[in-house]
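Asks: Here's the letter readout for the chains.
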Amino acid sequence: MIFITGPLFSGKRAFARMLLDCGEESFAARAVWDVQDLAAGCEDLEALAEALSEKDAVIATEIGGGVVPMDPAERSAREAAGRLSCLLAQRAETVVRVFCGIPAVLKGTLP
Amino acid sequence: MLTLVVGAAASGKSACAESLVLRSSVWPRVYIATMEPLDSECRARIQRHRTMRADSGFETVECYTGLSAVKVPYGCAALLECMGNLCANELYSPHGSGDGAEEAVLRGIDRLLPQCRELVIVSNEVFSGGSRFEGDTIRYLRLLASINRELAARADQVWEIVCGLPVCHKGGAGDAF
Numbered sequence: 001m002i003f004i005t006g007p008l009f010s011g012k013r014a015f016a017r018m019l020l021d022c023g024e025e026s027f028a029a030r031a032v033w034d035v036q037d038l039a040a041g042c043e044d045l046e047a048l049a050e051a052l053s054e055k056d057a058v059i060a061t062e063i064g065g066g067v068v069p070m071d072p073a074e075r076s077a078r079e080a081a082g083r084l085s086c087l088l089a090q091r092a093e094t095v096v097r098v099f100c101g102i103p104a105v106l107k108g109t110l111p
Numbered sequence: 001m002l003t004l005v006v007g008a009a010a011s012g013k014s015a016c017a018e019s020l021v022l023r024s025s026v027w028p029r030v031y032i033a034t035m036e037p038l039d040s041e042c043r044a045r046i047q048r049h050r051t052m053r054a055d056s057g058f059e060t061v062e063c064y065t066g067l068s069a070v071k072v073p074y075g076c077a078a079l080l081e082c083m084g085n086l087c088a089n090e091l092y093s094p095h096g097s098g099d100g101a102e103e104a105v106l107r108g109i110d111r112l113l114p115q116c117r118e119l120v121i122v123s124n125e126v127f128s129g130g131s132r133f134e135g136d137t138i139r140y141l142r143l144l145a146s147i148n149r150e151l152a153a154r155a156d157q158v159w160e161i162v163c164g165l166p167v168c169h170k171g172g173a174g175d176a177f
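Chains A and B, in that order, are what the protein sequence lines are.
Residue numbers for the first sequence follow the working numbering, beginning at 1 and rising by one.
Residue numbers for the second sequence follow the working numbering, beginning at 1 and rising by one.
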């Protein structure tokens with residue numbers, strides 16, 4: 001599994017599509033994105049990370065870079081998203097961060 | 001040559017961008033200022049930047065909207081600061097191009113680039129603090145992110161500035177700074 005992270009609208013999905021080199025439909029089956037939203041309220045992040053790792057590409061938006069949110073639910077959602085990203089990065093053979101459309105390999109090598 | 005310098009608030013991106021211009025030894029030096037002095041906070045910020053570059057010999061050209069109308073001396077080194085302001089102005093100023101903001105900005109860059117020997121553009125990293133935004137905020141984020149990606153694709157060099165330190169994402173030589 002390749003884990004792709006990066007800021008909002010940085011071109012993560014376009015990069016993943018290029019990497020997997022497949023059509024829209026096949027991409028939807030082989031990749032999962034916005035996984036930061038799945039972390040909120042999840043009881044078992046390890047199990048979630050494990051399940052997501054079945055995909056060829058897992059994409060998460062970095063959301064932990066702002067000030068600590070006032071709202072407790074937002075705070076815990078943001079925490080969970082960060083932890084999920086760490087768990088995914090541990091399981092990934094390759095980790096890529098996309099910045100302004102430019103990929104940087106943080107772990108492993110590109111297939 | 002086109003260089004994109006991106007960083008978070010107070011990351012030191014202005015100083016890094018300015019030092020890239022100074023190291024190029026290209027004259028004349030033109031500073032394209034995009035912040036409109038709307039209130040005392042803006043005026044203080046503008047003054048801080050004016051003081052920062054007081055001894056660097058920049059001629060200042062103000063451009064709040066309509067970058068494609070800007071004329072600079074042929075073969076100059078230009079520093080445009082910053083794209084975050086220009087995008088906001090194009091979207092929300094009465095003189096801006098609203099829904100045509102992206103096209104207006106990119107057309108402006110296309111007109112500016114051939115006039116410059118060196119063009120350094122400062123832009124903003126505001127995209128890691130969440131993904132659930134609405135209305136005007138998401139509209140602005142989409143615009144700026146798209147402009148950043150377009151600029152990065154065209155740029156010879158892309159630098160992200162972190163705590164005053166340059167991280168190279170594209171094309172940088174070891175002695176760039």
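No wet-lab data here; the hints were simulated from the structure.
Beta carbons are placed, not taken as given, at the ideal position from N, Cα and C, and that holds for glycine.
Some clues are possibly wrong.
Rough simulated footprint, nothing fancy, chain B against chain A, three-plus residues with beta-carbon under 8 Å [what the hints assert, rightly or not]:
id	segment
1	6-14
2	32-38
3	42-52
4	101-109
Pairwise CB distance ranges, derived in the manner of DEER restraints [stated by the list, open to error]:
id	chain 1	residue 1	chain 2	residue 2	range
5	B	MET1	A	MET70	42 to 48 Å
6	B	GLY171	A	ASP34	40 to 46 Å
7	B	ASP136	A	ARG83	29 to 35 Å
8	A	GLU24	B	GLU62	56 to 62 Å
9	A	ALA29	B	ARG23	17 to 23 Å
10	A	ASP44	B	GLU62	39 to 45 Å
11	A	PRO111	B	ASP136	35 to 41 Å
12	A	LEU20	B	THR51	46 to 52 Å
13	B	ASP136	A	ASP44	46 to 52 Å
14	B	ARG111	A	LEU110	34 to 40 Å
15	B	ARG50	A	PRO69	54 to 60 Å
Asks: Confirm or reject each hint.
Replies: Evaluation of the provided hints:
1. 6-14: holds (count 5)
2. 32-38: That given contact holds, which follows from 3 residues of the segment 32-38 of chain A lying within Cβ reach (below 8 Å) of chain B.
3. 42-52: violated (count 0)
4. 101-109: holds (count 3)
5. B:MET1 x A:MET70: 42 to 48 Å: holds (44 Å)
6. B:GLY171 x A:ASP34: 40 to 46 Å: Check failed, 31 Å falls outside 40 to 46 Å.
7. B:ASP136 x A:ARG83: 29 to 35 Å: Check passed, 31 Å falls within 29 to 35 Å.
8. A:GLU24 x B:GLU62: 56 to 62 Å: The hint (56 to 62 Å, Cβ to Cβ) is violated, given that A:GLU24 and B:GLU62 are roughly 45 Å apart.
9. A:ALA29 x B:ARG23: 17 to 23 Å: violated (49 Å)
10. A:ASP44 x B:GLU62: 39 to 45 Å: Roughly 56 Å apart at Cβ, these two residues miss the hinted range, so it is violated.
11. A:PRO111 x B:ASP136: 35 to 41 Å: Since A:PRO111 and B:ASP136 have Cβ atoms about 40 Å apart, the given range 35 to 41 Å holds.
12. A:LEU20 x B:THR51: 46 to 52 Å: Holds, at about 50 Å.
13. B:ASP136 x A:ASP44: 46 to 52 Å: violated (37 Å)
14. B:ARG111 x A:LEU110: 34 to 40 Å: holds (36 Å)
15. B:ARG50 x A:PRO69: 54 to 60 Å: violated (36 Å)
This entry does not satisfy hints 3, 6, 8, 9, 10, 13 and 15, going by the numbered hints stated previously.
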